[in-house]
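K.L.:
Here are the chains, one letter per residue:
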Amino acid sequence: GDSVTQMEGPVTLSEEAFLTINCTYTATGYPSLFWYVQYPGEGLQLLLKATKADDKGSNKGFEATYRKETTSFHLEKGSVQVSDSAVYFCALDDYKLSFGAGTTVTVRA
Amino acid sequence: DAGVTQSPTHLIKTRGQHVTLRCSPISGHKSVSWYQQVLGQGPQFIFQYYEKEERGRGNFPDRFSARQFPNYSSELNVNALLLGDSALYLCASSSRALAKNIQYFGAGTRLSVL
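Going down the list, the sequences are from chains A and B.
According to our numbering, the first sequence is numbered sequentially starting from 128.
According to our numbering, the second sequence is numbered sequentially starting from 68.
Please note that a few of the clues may not be correct.
[To be verified] Derived DEER-like restraints, expressed as beta-carbon distance ranges:
| id | chain 1 | residue 1 | chain 2 | residue 2 | range |
| --- | --- | --- | --- | --- | --- |
| 1 | B | 82 | A | 195 | 42 to 50 Å |
| 2 | B | 123 | A | 198 | 17 to 25 Å |
| 3 | A | 130 | B | 151 | 20 to 28 Å |
[As the list claims (entries may be wrong)] Quick look at which bits of chain A chain B covers, simulated, 3 or more residues with Cβ under 8 Å:
| id | segment |
| --- | --- |
| 4 | 197 to 205 |
| 5 | 215 to 229 |
FYI, nobody ran anything at the bench for these hints, they're computed from the structure.
Where a beta carbon is used, it is the ideal one built from N, C-alpha and C, also for glycine.
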């Protein structure tokens, strides 16, 4: 079945560092791909999405490109802030969401 | 506009008991999905309901059941609770039960089974 493999954490960075979280997927069809973020004690918030190959999703300085040839959807941000500390989940959608295990990111001032 | 609301926020039960979790979707959304998130893992799909009918079911035992009401709110029921049912239960709503529809999540109900 459809599945997502996500880079394991935790990841600890200094403020203004570059962040990348790897995500690869396995799917029989052409799913939409998402990145969700979960702050401590909260539910999931949609960070960005891409619905077809070569689409680039972006939001709040985060970007991810839907790469069909490498079945990847890596998340990147050029300069992280302390407020970016959270758990990040890669997910694919074929009416239900299949999530990766999550990557905990801690940004230190 | 209110987002997805879930109640209660926290719940403590003992093994063998029954629990009911509630979810109100975003106004105008007709689809509700339930997910279980065990500590340290990604959410796992349990059910999806659309227009009061079950449209999808994940790999969970029959102890888990759900329903959707005419106002599109939903309940998740879990019978004969086990320690392993301790988790954050998330509800998500979307406008339709179709792929590529964005799902919006509530803050979840944290269930602890002792």
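K.L.:
So the hint says 42 to 50 Å: do the beta-carbon atoms of residue 82/B and residue 195/A match that?
P.N.:
46 Å, holds
K.L.:
Using the C-beta atoms of residue 130/A and residue 151/B, is the stated range 20 to 28 Å upheld?
P.N.:
For residue 151/B against residue 130/A, whose Cβ atoms are near 22 Å apart, the range 20 to 28 Å holds.
K.L.:
Are there three or more residues in the segment 215 to 229 of chain A whose C-beta lies closer than 8 Å to some C-beta of chain B?
P.N.:
holds (count 12)
K.L.:
Quick check: the segment 197 to 205 of chain A, covered by chain B? Criterion 3+ residues, Cβ under 8 Å.
P.N.:
violated (count 0)
K.L.:
Is the distance from the Cβ of residue 123/B to the Cβ of residue 198/A consistent with 17 to 25 Å?
P.N.:
Holds - the Cβ-Cβ distance for residue 123/B and residue 198/A, about 23 Å, lies within 17 to 25 Å.
Violated hint: 4 only; the structure is consistent with all others.
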